[in-house]
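Residue numbers (my numbering), protein chains in the order written: chain A, 1 to 261; chain B, 1 to 217.
Hints were generated in silico from the structure; no laboratory data involved. Here the structure is a predicted model, which means the values were calculated and not measured. Any given hint could be a false lead.
[Claimed, not checked] Below, in silico cross-link-like pairs of lysine to aspartate or glutamate (DMTMM-like), each with a Cα-Cα straight-line distance of 25 angstroms or less:
1) 242/A with 140/A
2) 163/A with 83/B
3) 227/A with 111/A
4) 94/A with 111/A
5) 244/A with 231/A
6) 110/A with 88/B
7) 210/A with 88/B
8) 164/A with 10/B
9) 208/A with 83/B
10) 57/A with 204/A
11) 163/A with 88/B
12) 159/B with 188/B
13) 210/A with 53/A
14) 159/B with 174/A
15) 38/A with 234/A
16) 208/A with 88/B
17) 85/B with 174/A
18) 108/A with 10/B
19) 85/B with 140/A
Spelled out, the chains give:
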Amino acid sequence: MRKLMLAVVSGLLALTVSACGTGTDQAASTSGQSGAKKYVFGTDATYPPFEFEKDGKYVGIDIDLINAIAKEEGFEVEIKPMDFKGIIPAVQAKQLDGAIAGISINDKRKEILDFSEPYYQAGLSLVVREDNTTINGEADLAGKTIAIKKGTTGATFADELGKKYGATVKYFDDSPSMFQEVQNGNADVTIEDYPVISYKITVDPASKLKIVGDRLNGDHYGIAVLKGNKELQDKLNSGLKKLKENGKYDEIINTYLSTKK
Amino acid sequence: MSSSWDVIVDALPVLAQGSVVTLKITVISLFFALLIGLLFGLMSTSRSKILRGIATAYVDFLRGTPLLVQIFFIYFGLPPVLDIKIPETTAGILALSLNAGAYLAEIFRGGILSIDKGQMEAARSLGLSHGKAMRLVILPQAVRRMIPAFVNQFIVTLKDTSLLTVIGIRELMNSGEIIISSNFRSFEIWAVVAVFYFLMIYILSLLSRSLERRYAK
Chain A
1 MRKLMLAVVS GLLALTVSAC GTGTDQAAST SGQSGAKKYV FGTDATYPPF
51 EFEKDGKYVG IDIDLINAIA KEEGFEVEIK PMDFKGIIPA VQAKQLDGAI
101 AGISINDKRK EILDFSEPYY QAGLSLVVRE DNTTINGEAD LAGKTIAIKK
151 GTTGATFADE LGKKYGATVK YFDDSPSMFQ EVQNGNADVT IEDYPVISYK
201 ITVDPASKLK IVGDRLNGDH YGIAVLKGNK ELQDKLNSGL KKLKENGKYD
251 EIINTYLSTK K
Chain B
1 MSSSWDVIVD ALPVLAQGSV VTLKITVISL FFALLIGLLF GLMSTSRSKI
51 LRGIATAYVD FLRGTPLLVQ IFFIYFGLPP VLDIKIPETT AGILALSLNA
101 GAYLAEIFRG GILSIDKGQM EAARSLGLSH GKAMRLVILP QAVRRMIPAF
151 VNQFIVTLKD TSLLTVIGIR ELMNSGEIII SSNFRSFEIW AVVAVFYFLM
201 IYILSLLSRS LERRYAK
């Protein structure tokens with residue numbers, strides 16, 4: 001009996017060790033039946049029009065893009081939805097091969113991740129309740145409360161605004177929560193990427209939200225990959241290029257946004 | 001990249017502040033939870049069918065839904081419908097109190113029922129009213145037996161405060177998440193967060209053990 005236990009335990013140990021040793025390379029090359037390489041991408045499924053759930057399926061600009069790129073480049077994609085704040089740590093921890101979730105490219109993130117070429121220019125906007133007339137730009141934020149999503153460039157921006165104008169910043173896990181916070185009047189303003197908030201206002205007129213002022217910056221979205229995964233990065237860039245050339249890119253953007261930005 | 005040590009040192013003040021919020025919310029919530037628990041515990045041991053029914057319904061409902069749902073419901077769900085504003089700390093304390101109150105009601109019920117029937121009978125035959133007998137004879141004995149269960153609920157509630165991160169309360173969990181989302185140092189920060197929770201609960205356990213030694217027997 002003891003011998004059997006010993007054998008089982010050492011067998012398990014050996015398995016674990018070998019699994020750890022090869023890491024994500026092993027996971028990434030686990031091929032489907034077609035023999036194509038499979039990559040796991042994280043996303044934030046509560047972020048329309050870039051990624052959201054419709055009729056039990058994940059859809060949106062980012063989802064369609066990554067699927068189209070995969071088709072062009074001949075690899076398989078598995079989509080893993082999670083809280084936005086968890087996505088970058090998950091890529092770092094090699095739980096994911098990459099992530100496509102409206103991730104703005106910035107220097108801080110570039111230190112720990114590699115990015116594809118930019119695929120969309122987003123930029124941040126101030127969002128307030130429809131009946132709010134006191135906030136018309138960032139200079140009006142003194143003493144106000146800003147609701148923000150953890151781990152976003154909007155959060156970094158809000159932090160700076162908070163310090164500059166003496167505003168309070170409240171952190172949430174997802175966009176619906178921070179929108180609700182402003183709708184309920186518990187925060188005065190939120191900061192969100194322009195296309196996301198403009199889509200939200202268009203499809204949900206009951207949201208009682210409006211955009212004020214100009215876009216605060218000109219962030220570009222990129223697809224994140226594990227640092228040093230040149231192979232995947234190259235595939236993404238070459239796929240993106242092909243989609244832009246053959247018109248598929250515009251088609252995807254226009255499906256979700258009436259005006260191309 | 002900065003060293004692990006620097007990352008931790010930078011994070012300590014923020015996490016300590018978060019811990020204070022966590023402790024505050026725990027203590028206030030448990031105070032209200034004790035009142036709620038006592039009330040519904042007494043109701044569920046009363047002779048009135050209606051009171052018992054209300055207490056059972058309360059306990060079943062609050063225990064039968066996840067705390068996370070209750071938090072979202074109170075903070076995001078109720079205000080637009082009732083047209084009121086509920087600040088996040090109020091909503092958090094409300095949710096935790098109502099939830100822990102249901103568990104404490106069961107602890108009170110169990111404690112009261114664990115006291116031999118003869119105690120009540122004896123007290124009543126000495127001329128004490130039901131209420132007086134409960135207050136002076138039954139509860140003091142019952143509460144002593146309940147100490148370990150109380151402490152357990154205290155620990156559970158302290159850990160449950162971490163769920164309040166979803167409504168933006170800057171307690172320990174939320175503080176940790178905010179730091180990681182800007183410096184991406186999951187390992188160091190989660191380790192420190194775990195140590196902070198552990199320390200709070202460990203100190204609490206030591207206190208409770210001395211409390212038990214003094215009163216439980």
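Here is what the structure says about each hint:
1. Distance hint between residue 242/A and residue 140/A is unfulfilled; the C-alpha atoms sit about 44 angstroms from each other, more than 25 angstroms.
2. Proximity of residue 163/A to residue 83/B is assessed by CA-CA distance (about 32 angstroms); at most 25 angstroms being required, the pair is judged violated.
3. Distance hint between residue 227/A and residue 111/A is fulfilled; the C-alpha atoms sit about 9 angstroms from each other, no more than 25 angstroms.
4. Restraint check for residue 94/A and residue 111/A: the C-alpha separation of about 16 angstroms stays at or below 25 angstroms, so the hint holds.
5. A hinted pair counts as satisfied when its Cα atoms are at most 25 angstroms apart, and residue 244/A with residue 231/A qualifies at roughly 20 angstroms.
6. Restraint check for residue 110/A and residue 88/B: the C-alpha separation of about 35 angstroms exceeds 25 angstroms, so the hint is violated.
7. In summary, the hint linking residue 210/A to residue 88/B is supported, as the alpha carbons are separated by about 23 angstroms, within the 25 angstroms threshold.
8. Between residue 164/A and residue 10/B the CA atoms are separated by roughly 21 angstroms; this keeps the pair inside 25 angstroms, and the hint holds.
9. Proposed proximity of residue 208/A and residue 83/B is supported: the alpha carbons are some 14 angstroms apart, at most 25 angstroms.
10. A threshold of 25 angstroms between alpha carbons decides the hint, and for residue 57/A with residue 204/A the separation of about 20 angstroms falls inside it, so the pair holds.
11. Between residue 163/A and residue 88/B the alpha-carbon distance is near 22 angstroms, which keeps this suggested pair within the 25 angstroms criterion.
12. Between residue 159/B and residue 188/B the alpha-carbon distance is near 20 angstroms, which keeps this suggested pair within the 25 angstroms criterion.
13. The straight-line distance between the Cα atoms of residue 210/A and residue 53/A is roughly 24 angstroms, inside the 25 angstroms bound, and the hint therefore holds.
14. Taking the CA atoms of residue 159/B and residue 174/A, the gap is about 22 angstroms. The hint holds against a cut of 25 angstroms.
15. Restraint check for residue 38/A and residue 234/A: the C-alpha separation of about 15 angstroms stays at or below 25 angstroms, so the hint holds.
16. Restraint check for residue 208/A and residue 88/B: satisfied, since their Cα atoms lie roughly 21 angstroms apart, inside the 25 angstroms limit.
17. Taking the CA atoms of residue 85/B and residue 174/A, the gap is about 21 angstroms. The hint holds against a cut of 25 angstroms.
18. At roughly 17 angstroms between alpha-carbon atoms, residue 108/A and residue 10/B fall within 25 angstroms of each other, so this suggested pair holds.
19. Between residue 85/B and residue 140/A the CA atoms are separated by roughly 22 angstroms; this keeps the pair inside 25 angstroms, and the hint holds.
Violated hints, in rising order: 1, 2 and 6; the structure is consistent with all others.
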